[in-house]
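Generate coordinates for the entire structure from the input sequences, incorporating the hints supplied.
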Amino acid sequence: DAGVIQSPRHEVTEMGQEVTLRCKPISGHNSLFWYRQTMMRGLELLIYFNNNVPIDDSGMPEDRFSAKMPNASFSTLKIQPSEPRDSAVYFCASDPGGTVRLGEQFFGPGTRLTVL
Amino acid sequence: QKEVEQNSGPLSVPEGAIASLNCTYSDRVSQSFFWYRQYSGKSPELIMSIYSNGDKEDGRFTAQLNKASQYVSLLIRDSQPSDSATYLCAVAAGGFKTIFGAGTRLFVKA
Chain Z
397 DAGVIQSPRH EVTEMGQEVT LRCKPISGHN SLFWYRQTMM RGLELLIYFN
447 NNVPIDDSGM PEDRFSAKMP NASFSTLKIQ PSEPRDSAVY FCASDPGGTV
497 RLGEQFFGPG TRLTVL
Chain B
27 QKEVEQNSGP LSVPEGAIAS LNCTYSDRVS QSFFWYRQYS GKSPELIMSI
77 YSNGDKEDGR FTAQLNKASQ YVSLLIRDSQ PSDSATYLCA VAAGGFKTIF
127 GAGTRLFVKA
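Here the protein sequences line up with chains Z and B, keeping their order.
If you're matching positions, the first sequence starts at 397 in the numbering used here and goes up one per residue.
If you're matching positions, the second sequence starts at 27 in the numbering used here and goes up one per residue.
Certain hints may be false.
Said to hold, decoys possible - No more than 30 Å apart at the CA atoms, straight line, and that leaves these computed lysine-lysine pairs for DSSO-like:
(1) Z:Lys420 with Z:Lys474
(2) Z:Lys474 with Z:Lys464
(3) B:Lys135 with B:Lys82
(4) B:Lys123 with Z:Lys464
(5) B:Lys68 with Z:Lys420
(6) B:Lys68 with B:Lys82
(7) B:Lys123 with Z:Lys420
(8) B:Lys68 with Z:Lys464
(9) B:Lys68 with Z:Lys474
By construction, these hints were calculated from the structure, which means they are not laboratory data.
Treat the numbers as computed from the prediction; the structure is a model and nothing was measured.
Structure, rendered in structure tokens:
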């Protein structure tokens, strides 16, 4: 059974460019999360979706960040325009939902973003 | 005050010893508690979840929860060098939002 899939695994871009990160959650999982991890700030929740609907985007740092989940098997996180301070590892995670093991999340391998 | 607090470490223990990792949280309505392991350069991996007061054991790992004291711990028995990683405590207060601590780095000396 495939885990959470993210692409690209590494992205190097120049300041001002648009960056799109992609995520395919585990099939059948109802919730999807985007996180950002840096040494200084640790693991930060950016946004999460339940049944493809954005529930809480309060962690999105500013309007340059946007996320979509057009269907149950695909989500994107877009940064436009990118800035050097956006450099981080971006993780996508999914949660099967239900009440038996509430809140267990499964992480993708991450995308390491470097903005020059 | 941070919502989920952990000692950043590093915590260094000899091989075969018990490693004890601690975590406190601020939200009293928290319902679900997790420990994730993250190797350097890798993604977090769920290793334990606990939902009620007391102990939960899984192999060499034991999670302990005390809601009155707002305290969660992870014990690793017979620590191995392969256990060397950063351990993230995570707390969910209901709904879907999970808050992660900054993590404790564990180093097991062979």
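Comparing the hints with the structure gives:
1. Z:Lys420 with Z:Lys474: holds (15 Å)
2. Z:Lys474 with Z:Lys464: holds (9 Å)
3. B:Lys135 with B:Lys82: holds (26 Å)
4. B:Lys123 with Z:Lys464: holds (18 Å)
5. B:Lys68 with Z:Lys420: Answer holds: B:Lys68 to Z:Lys420 is near 18 Å, not above 30 Å.
6. B:Lys68 with B:Lys82: holds (26 Å)
7. B:Lys123 with Z:Lys420: holds (20 Å)
8. B:Lys68 with Z:Lys464: holds (25 Å)
9. B:Lys68 with Z:Lys474: holds (22 Å)
Checked against the numbered hints given earlier, this structure breaks none of them.
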